[in-house]
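J.: These protein sequence lines map, in sequence, to chains A and B.
Read the first sequence against my numbering and you will find it ends at 250, with the numbers running on by one and no gaps.
Read the second sequence against my numbering and you will find it ends at 1431, with the numbers running on by one and no gaps.
A portion of the hints provided could be inaccurate.
As the list claims (entries may be wrong) - Quick look at which bits of chain A chain B covers, simulated, 3 or more residues with Cβ under 8 Å:
| # | stretch |
| --- | --- |
| 1 | 53-67 |
| 2 | 169-177 |
As the list claims (entries may be wrong) - When the alpha-carbon atoms are kept at most 27 Å apart in a straight line, the in silico DSS-like pairs for lysine-lysine are as follows:
| # | chain 1 | residue 1 | chain 2 | residue 2 |
| --- | --- | --- | --- | --- |
| 3 | A | Lys157 | A | Lys187 |
| 4 | A | Lys132 | B | Lys1020 |
| 5 | B | Lys1164 | B | Lys1147 |
| 6 | A | Lys135 | B | Lys1253 |
| 7 | B | Lys1177 | B | Lys1147 |
| 8 | B | Lys1020 | A | Lys145 |
| 9 | A | Lys112 | B | Lys1264 |
| 10 | B | Lys1164 | A | Lys132 |
| 11 | A | Lys157 | B | Lys1264 |
| 12 | A | Lys25 | B | Lys1425 |
| 13 | A | Lys95 | B | Lys1253 |
It is worth saying that the hints were derived from the structure and are not from the lab.
Quick reminder that beta carbons are idealized off the backbone N, C-alpha and C, glycines included.
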Amino acid sequence: MSNRSYIEVENISKIYPGADIFAVKDLSLSIDKGEIYGLLGPNGAGKTTTISILCSLLAQTTGNVYIDSTDLYANVNKIRKIIGVVPQDIALYPKLTAKENLMFFGNMYGIKGSLLKNKIHYYLEYFGLINKINKRIDTFSGGMKRRVNLIASILHKPEILFLDEPTVGIDVQSRNVIIEFLHELNKKGTTIVYTSHHMEEAQNLCSKIGIIDKGDIIAEGSPDQLLKKNCNCKNLEDVFLHLTGRQLRD
Amino acid sequence: MILKFFASVRKEAILMLRDKAGLAILFVMPMALILIMTLLQDNTFKALEENKIEILLVNKDSGTLGKAIHKGLTEADFFQITDKLEDDTLTEKSAYKKVASGAYQMAIVIPEGATDYIQQVVTHKINTQLPGLQEPVEEDTKIDLTKGVNVKIFFDPVTKNSFKQSVHSALKEFTSKIEAEMAFNIYGKLFKDMFEIEVQQPESFSSIITFTEEYATNLNSKIIPNSVQHNVPAWTLFAMFFIVIPLAGNIIKERESGNVLRLKTMPGSYTAVLLGKLSIYLIICIIQAALMIAIGVYILPLFGLPSLMLGTNLFALFIIVLAAALAATGFGVAIGSIATSHDQASIFGAVSTVILAALGGIWVPVFIMPEVMQQISILSPLNWALNGFYDIFLRDSGTLDIMPYVIKLMIFCIVSIGVSYFYNKFNRSIS
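Bound-form chain A, shown alone (with noise of 0.2 Å):
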């Protein structure tokens, strides 16, 4: 049991109601504590589906998962008390402003008070949003959504933060600033598991990286370790392409 790392994932797998084909295959993977591991793959991969696994959303038809050496299945309570979810989408209200959305969200932790709303108050100013936090969110632009969605995932300090794509869609300005609070968070001891289609970000983000294609983890390793097993690839979008092939896959 103390042989496990800190998110051990032995050989899930998931098939949808319906489906014909596996999602997740036999996946295995593990994360260190203070890891920032990222989870790369084309479209239909399987990574959604394997960090909606992994925070609980969905169970795996196969397999075991242990977060802290705790069986998520079992403790999922417990387990979701450390865990912080950015979602792919925006996950807010857009009729609410960027202080209430906080503040529900904040609550939904069990945080409250004066605590809650200097952590909001904290982030927003990080984020450069301290000047709209009584604007809804439907006057934001994508960037804007995109930081209130990550602040809305880490008011209660989460040991473990998932990010499921964090950067689509926004401007440069915005992701760089994303990106700088996740080796902040990092720095502070957060785990950070995190799924993108930028490589380059992923390159520059992540200390492990894990690539994920038809359902099953086929490379991983730290970006250094990855581009030396693939030694005719200049960056780790070429160590994708060449991994996964060039055609296309909607």
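Based on these hints, arrange chain B on the given structure of chain A.
T.: Showing chain B alone in chain A's frame:
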């Protein structure tokens, strides 16, 4: 759990207050609906109750029968008698043509000599009954007893059977009265001749048996049902059940936006969030009902309609409103959970509410539905709630009396939420 619940209530309240169009649909439209439908149906009731049947009367009889029929029909509240046309050409033939053309709903033709004939028949019958008399009471002329007095009635083909029946009944009453009066006169004369006793004719042959109408209610309440008493609770329930559309839409929107996923990754049960949402919609339903009832009591009388009489058990009224609100919100949760899109929920929610309302007697009262539909109507939760309202408003029933309806509504709510729970459970492995 409590923090989650109140946070959810606060969030839903803010969202609701910021949705002006949604609020208009939830409050203004039902109010307009109640006003319009009550006015419309009240006029329909008035048309049935107050419009008089126009009758052409061709009275060829110069005796008491013709006069009695004329007087009786004129004095009756529901007939408008015309016995003279402008061109003074009212005959049996012209009356027939007028009715055939649709100008009048019916015409009555009293034949010539009707009174004389009845007089002769009555005399003949008395003479037959008293064969021992030395002299007949009056000269018993040879009459054809099989002929009878043939009062003709011409009906417009569109005349309702109930109207025909009314005229038939009225005419039978008048002729019976005339026959009785004639018999009394003859017997009076007979007594005077035989015993030299002066028999005083009564002033009136009005019925000895009288009929009074009163609606049966409990206690001392004497509330008379009217279109307001039906329409206000009926359309209030319709509006309350229409909450399934915004509620189901809200659930689907929250699911589609990813908020539900985020909430489900948080510690504690999602139930607290859902209960908070339900509480707001429940409160809205209760406010809706209070507003609609207030309209029935205070606003409808301003339009010349009767005021809504609430009965004497306001606690029972609150209980049935609460039960109906729970049933409506439970139904909304079920639709929101099962429907896969906002459009699907809107269409299914609207159509199912309309069907349940139609079956439940919201549009057409159950008692005038065909027998089969009356049996089916008892399956509609709107029917249960409406019957609860009727019991409180019209029969002055208390909380215990309406419990069968309240229990049915609660079961409907529990089943709806149960369906939603198990549907979600089987579609999501961890929750």
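J.: Each of the hints needs a verdict: does it hold here or not?
T.: Verification of the supplied hints:
no.	hint	verdict
1	53-67	holds (count 5)
2	169-177	violated (count 0)
3	A:Lys157 <-> A:Lys187	holds, 13 Å
4	A:Lys132 <-> B:Lys1020	holds, 23 Å
5	B:Lys1164 <-> B:Lys1147	holds, 24 Å
6	A:Lys135 <-> B:Lys1253	holds, 21 Å
7	B:Lys1177 <-> B:Lys1147	holds, 20 Å
8	B:Lys1020 <-> A:Lys145	holds, 24 Å
9	A:Lys112 <-> B:Lys1264	holds, 19 Å
10	B:Lys1164 <-> A:Lys132	violated, 77 Å
11	A:Lys157 <-> B:Lys1264	holds, 17 Å
12	A:Lys25 <-> B:Lys1425	holds, 23 Å
13	A:Lys95 <-> B:Lys1253	holds, 12 Å
Comparing the model with each numbered hint stated earlier shows that hints 2 and 10 do not hold.
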